[in-house]
Amino acid sequence: MSLLAFEPITSPTIEYGTLSPMLLVFGAAIAGVLVEAFTPRYLRKSLQMPITLLSLIGAFALTVWQGTQGVREAAAMGAVAVDGPSLFIWGAILLLAIVSVLLVNDDDHFVAQASAVPGSAEEDQALSQGGAHTEIYPLVLFAVGGMMLFPASNDLLIMFVALEVMSLPLYLLCGLARRRRLLSQEAAMKYFLLGAFSSAFFLYGTALLYGFAGSVDLGAIEQMIGTHLGQDNLLYIGIAMLGVGLLFKIGAAPFQAWKPDVYQGSPTPITALMASGTLIAAFGALLRVFWVALGNLDEMWQPVFWAVAILTMVIGAILAITQTDIKRMLAYSSIAHTGFLLVAVVATGSLKQNAAALGGILFYLVAYGFATVGAFAVVTMVRDAGGEAGHLSRWAGLGKRSPALAGIFALFLLAFAGIPLTSGFFGKYAVFAPAVAGGATGLVIVGVVTSAMAAFFYVRVIVLMFFSDPAPEGPTIAVPSMGTAAVVALSAAATVVLGVFPQPVLDLAHSAAQSLFVR
Amino acid sequence: MPWLSILMGVPVVGALAVAAVPKGNAKLAKQLTLAVSLVVLALTLAMASQFDPSGARQQFSEVHQWIPSFGVHYAVAVDGIALVLIALAVVLVPIVVLASWHDAERSDAKRSVKTYFALILVLEAMMIGVFAATDVFLFYVFFEAMLIPMYFMIGSYGGAQRSYAAVKFLLYSLFGGLLMLVAVIALYHVAAKGTFLQPELIGAVTDPATQKWLFLGFFIAFAVKAPLWPFHTWLPDAAAQAPAGAAVLLVGVLDKVGTYGMLRFCLELFPDAAKFFTPVIIALSVIGIVYGAVVAIGQTDMKRLIAYTSISHFGFITMGVFALTADAGSGATLYMVNHGFSTGALFLLAGFLINRRGSQYIADYGGVQKVAPVLAGTFLVAGLSSLSLPGLSTFVSEFLVLIGTFERYVVPGVIALAGMVLAAVYILWMYQRMMGGPTAESVRGMPDLNLREKIVIAPLIALLIGFGFFPKPLLDVINPAVKHTLTSVQAPQFTPAIPAAADQKGPGE
Amino acid sequence: MTLLLANPANPADPVGPTLADFGKDPLWISIIKALFIFVFLMMGVLFGVWTERKLISRMQHRYGPNRAGKFGLLQSVADGIKMGLKEDILPRTVDKVIYILAPIIIAVPAFLSFSVIPFGPMVSMFGVRTPLQLTDLPVAVLVVLAMASIGVYGIVLAGWGSRSPYAVLGGLRSTAQVISYEIAMGLSFVAVFIFAGTLSTSEIVAAQAEGRSFALLGLDIPLPSWYAVLLIPSFLIYVITMLGETNRVPFDLPEGEGELVGGFHTEYSSSLKFAMFMLAEYVNVFTVSALSITLFLGGWRAPWPISLWDGANVGWWPMLWFFIKLVLLFAFFIWVRASLPRIRYDQLMAFGWKVLIPLNLAWILLVASFRALQVPQGQRNLAMVIAAVVVVGCLAIYFWFDTVNQRRREARAEEVQAEFEQLSTEPTAGGFPVPALDLPHYHGVNGRKEVPSGTN
Amino acid sequence: MTTHYLVLSALLFAIGGVGVLVRRNAIVVFMCVELMLNACNLAFVTFARQHGNLEGQVIAFFVMIVAAAEVVVGLAIIVTIFRTRRSASVDDANLLKY
Amino acid sequence: MELYVPIVVLAVLAAGFAVFSVGIAPFTGPKRWNRAKLDAYECGIEPTPQPVGGGRFPLKYMITAMLFIVFDIEIIFLYPWAVAFDDLGVFGLVEMVLFIVTVLVAYAYVWRRRGLDWD
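Protein chains in written order, with my numbering: chain A, 10 to 528; chain B, 2 to 510; chain C, 43 to 498; chain D, 477 to 574; chain E, 41 to 159.
Bear in mind the hints are in silico, worked out from the structure with no lab data behind them. Just so you know, nobody snuck in bad clues.
Calculated cross-link-like contacts (lysine-lysine; reagent style DSS-like; alpha-carbon spacing at most 30 angstroms):
id	chain 1	residue 1	chain 2	residue 2
1	A	Lys54	E	Lys100
2	B	Lys371	B	Lys455
3	E	Lys100	A	Lys199
4	E	Lys71	C	Lys128
5	A	Lys409	B	Lys28
6	A	Lys409	B	Lys24
7	E	Lys77	C	Lys128
8	B	Lys473	B	Lys455
Take these sequences, add in the hints, and give me the full structure.
Here is the structure:
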């Protein structure tokens, strides 16, 4: 005890420059809290909005700059790895966050007074005052910061902390929908309880790995596995629990149960943020853990991932068919896409092979992220008396009422289905090709079969929108605010451009993937 | 001069222009579409005139990097086979446009007219692209992307069951396509050439087992596309529900992509596997021939009937393709073209009838030839071409196919002959039920073909008869290409077709 | 300078035990020490009660207990016996287990905190050389805090278990109060640890053995040895929090007779269970006093004039100094009780949260940055800048609040003034000779901004 | 001897996990989650002891914070839900979906 | 570990005493049953029945508890820093300033949202 206590402590160092994008985001979040504290209500939104957007844009600029500088280092005493994949993921997350924030900025998504009981007098009063929680902006910033730290963290402790920093704000944001507040609150609670549960698993796994390796540093764990000494049961149980935590976050079966409920319940802008940003971040973390720390052990976890990937794809594709709520359906489709991504995770092998797979995954994430954000943006525009028109039957004949909107939505759906000349197609190709090269042809076949199934329910929505006659007193199409319009346009553009000229982004992804993960 | 790019570009631009036409002004949209399609036709003819049958196999070829990191090129070129099919497409399009002048309005639900015609043009561009692509990946892209416009044409402008038919059509093709995607990826990986250029991939896959798997991957996709029994079930629905024009393009051109793909990819890339599977495929096609014919006889709906006839015809085509003899090969290719014309004519005429009578059930007609002789006459000619009466173009092709097949497989040839007999039954019986006999009340006062419809149908009849007597120009173009293909099939697997690959290097000549 | 930064256990005096000296006792020595502490505390409580009553009545010109025994010395013994002989009431409504458990939970930790309090230097006890301290840990002070927190469970469970509104509310209140002040208390230690560089009580005492010198701009400024003087703000804050922590006047809200009857022990109307609460309260008083002696008042070391005598800090003498300091502090408690009124609950909380904590944090930063000035390899300028920033920032915030409150007060005054005038213009409010309902002394005059209490 | 602690922590973790799965009351479920986190802490400290490095103990600190943050967020959410449920709510129908 | 043995000893002693005195209390005193005596004390009025677990109480206390947790955690981090201050030097100071400022921001937010006021 005492001999522990008196080890000489050398003061550590932190590379603030390298971490600047994250620091900027977090700083802006704290500034946002200050704004909340010290500015009058009527000023807040007009202050928060620029703070949020500018900080995100600035962080993106910094990330790009670092990318051009070729920064590849493990900052903060090797706790945070700022390498190619991290930078790429940061860029992607920041872009998608900017887009989502434009959605968040749109009025009438968020509750006026979270503490007011639904349907109570005080809620009506809060509504009539037109108040809204501007705390949402700092919360979003915190979440984004967590998303950035999560895939970049190079040791399991930081990863855990980042996981929570990412999740906790999202738990809250889920519960802040203005319409259907009970759903929203239930979603928040489910997300919270399940999320906490899974993160506990992650933590215990971390503990066991620490017990195995005597360190939570990914590189150290890898070396220890390389020189494999004793306590293997610790190692295996630890890996299993770690896997549970991570697979939960990406929403892979059998840990996908939360996704539909949460996606449906939470405010659509937040759903967009989760469906894009969280997925990307979680995938980055998953890859880092399983490729860096457990890279020497792939013959052990690959079979499991085979099973998980197949299960995820099948469950996602099949259950999606039975859905009647558009957001729920998109949630299941996101599960299916998680499965497709997992196909490439399995395809490890030579360094070159890994790089190819990683590049494919990164590209897929970007392509899918934009498509999904756009899709949810469209969902926010199809309004009803009670808010968004969730039920599919309400979407019937949308193609006649507003062809443009329906057309764009159809475009996103086709991208999900992976039809050529949309981003989704090259995304699928980018993950399937390395998978075949990596000897996972069986998985790929399951993948294409399930994506055919998935295509069915995407097509069904298109049929509904275009081929069936509009429902009487159908939903009204909200005149999009500048933000929403921009989001939809941007996402559609991204989907098409990535579908026709994916080369630049592919180059970027592959160059980012070249130097795999720094140890 | 980048002929093919222009050929693809013009319709796309035209489509955008048509889509940009103000909403009310449907007439302008139609005229614009017609003009564009005619321009494309003219360009194609101009290009064809420059095509040198005895020259290099691939002509007008363009190769540009598209996605280097996937080894994907924008590579287009035509050989004889592709050329005639492209010609088929561009000939049919203006006819279809003219034929379905009022279809868009007449379809029960009010849809925007210009969209329909814009879709036709987009489809034309893609049809040209799919035949011209010499990069496997590019081919796949067109192959899949083609579905979407056709899907919308059927789904929004078709008959009562349209959305069901459309979804069925899309999912069948998509499923096949995705299997093909796996094969494409695997091909790229196994060949390890780092490129998708079809000529360079020839002979790249040597391992027999791998060849067989990849072959299956491609073949199933094509079999679904060119409805080969037992993958055909989507065709009757789609064809029956689609508006006449769309049906013509669907059966006349789109399905040819399947047979074309078999000829171009299955045979050239996986010769040994092709040889290995030939018996099975021949069997399937024979079954298709007979099955299609028999079921056709039982049909009460003329569009479905025509659809089933073409299933039978596609049986002939696949049989010709996989007979692996020069005659059968060129016969099959020729058949693709002629079948396009004859079935097209049949569908269009059926469409005219339906527009007049408002029903596609054979039972609702009778004695039409008294009230509308021209209509009945053209219908007869088209029908006869469908049962390949000597003197009509289809006869030549079917004859060649049978000759070629008999060289190798006698029994299937004999059974196929039975198919011809059955063809006579269903066509003539349909004609007799609809056109002959006493004039039914319902068709009394049915107007005969008006000028537009005459203009539509005339060129088809002309082509049918013309090529019936003088198929040489087509055959001249087709034969060398087919021979070339077959040589690559006969080529022993150890020596990849180096000369073939060699003289196609570099863009065009 | 380097010596200054060396391990605080001071080589200059051999008797001062360090962590290394602990954990060597044989078990029987430990038992003896433990027994001693136990007896010491029991006696302390008995006579503490007596002293309190006697002293406070003297301050109020009364005699206080003077019947039982000489000067009523046996008074509290009598009370104890009385409690033992009274009927032990177990109300029907209570949650039996918790109700009975609570007094035990509250009493035991109170004793335990004393185990890390140093009474004196190394002595030889029955030939065994051992420090006059039950034990010491690298985290000794944390033990004290932990025990205090466990005591809180006793309070809240007592309130909770005896299912009566008064008890529940009292329990909650005193819990809230205790934890609020615990934060301020914990923060007030930080400065001490920065200087002592350890959490072990014995070494903290050793660190206060003799004053060091603080080198600024070359010249050495001698610093006083006791942290009470060196870190006077911390000490003052600690003294306040120690009153709050032990629920003593002026912070004895839990048993505010006026509002909550007996607070959390309302239902413990009599008997030894109640005695446990009494016991715990007094033991806690001793604990916090002893802690303040250890952390701030030089521990068992003799104060200045005595310390000139060499034998002062050797052998058993230091226990005497410790005891004297303890008594004086206890007397201080009583003095406070005699002189201060009880403050309102919201004011109590506001004071704890809005004054003590920010002050503490600012002070910590200040101390830290001044301390950082002495780190040889560190860049002093940066430290100075930080110090300056902290000072300026604190002043700025202070003045900001001051002006804000100033403005509020003025606005309020103007309102009142305006109302007076408005009334004076219309003497008979609304024509009737009745006092106007909106006279300023009535509450709820509309349009009047209510000032949240605690914002002085 | 540290194995005893490991067994204990495993037990605590298991108890917490089972609790989460079988209990219905949100607060209780939540407490079980916290119990799991504390089990992790115990494991960390034990391993730190085993390996003779301080890392594990430091990690325990961080876990404490995270746990605290989770408590704050979680109780906020749960309390909101409870308040909602006590009240007559307009759109109970939506609950049938879950 | 042996550092803790004496504490255990003292604990045993204290616990023994407490349990003993609480334990014998029922036997030393007289027993005179009286209904009113066994009621919860509410100034003589009929006691209001309390639900198990004391029922609901003001949210205010929960908020206080939350704040307590937050600041207690802060203290947890302050102590090691303070002890190792001389080793960490200016780096530690800077980090701690950042940390404390961050906490203070949250603190200011709570304050402004009247989270620290008692009605």
